[in-house]
Amino acid sequence: MLAAYTRLHERGVIHADVHPRNVLVGPAGEIHLIDFGLSLAEDLPGDPGRGGVAFYFEPEYAVAVRAGESAPAASSAGEQYALAALLYSLIAGAPTHDFKLARDEMLRQIAEEPPLPFALREA
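In terms of this note's numbering, the sequence shown is residues 326 to 448.
Among the hints, a few may not be true.
As the list claims (entries may be wrong) - Now the in silico label distances, taken between C-beta atoms and shown as ranges:
#1 Pro352 x Ala436: 38 to 48 Å
#2 Asp360 x Ala328: 12 to 22 Å
#3 Gly393 x Ala328: 15 to 25 Å
#4 Arg332 x Gly362: 12 to 22 Å
#5 Gly351 x Glu394: 38 to 48 Å
#6 Gly393 x Gly351: 19 to 29 Å
#7 Pro384 x Asp360: 20 to 30 Å
#8 Arg391 x Leu445: 18 to 28 Å
#9 Ala419 x Gly351: 21 to 31 Å
#10 Glu335 x Leu363: 25 to 35 Å
#11 Arg446 x Ala366: 31 to 41 Å
#12 Pro345 x Glu430: 17 to 27 Å
No lab work stands behind these hints: they were computed from the structure.
Each residue gets a CB set at the ideal place from its N, CA and C atoms; glycine is no exception.
Can you build the whole structure from these sequences, using the hints too?
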């Protein structure tokens, strides 16, 4: 999965919609990325208005949106955060933040550090 995103980023493309439903595993264990409808060129000036699943947005984006400031441009660094959040949810068996929260509360949580993933696992 990381190799696929690395290839995209080397070409200056940001998938911009990282979440579990957009990563498929084939019968031989191969990874397939799907849904490139929100893809962007890296480092577009300003924020064209992001779509995607907000739970995987990087904290810098969440902080800027909450403060009413201009959001950072889409970047491979922001997408690396989204990939880390996805991997966290696979390890912990739970997402980094509560998906049932209202948008403002969810953005507040994203700006804070999540609990260690192994603390969420039952023994």
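Please flag the earlier hints that this structure goes against, numbers listed from lowest up. Hints 3, 6 and 10 are the ones this structure does not satisfy, whereas the remaining hints hold.
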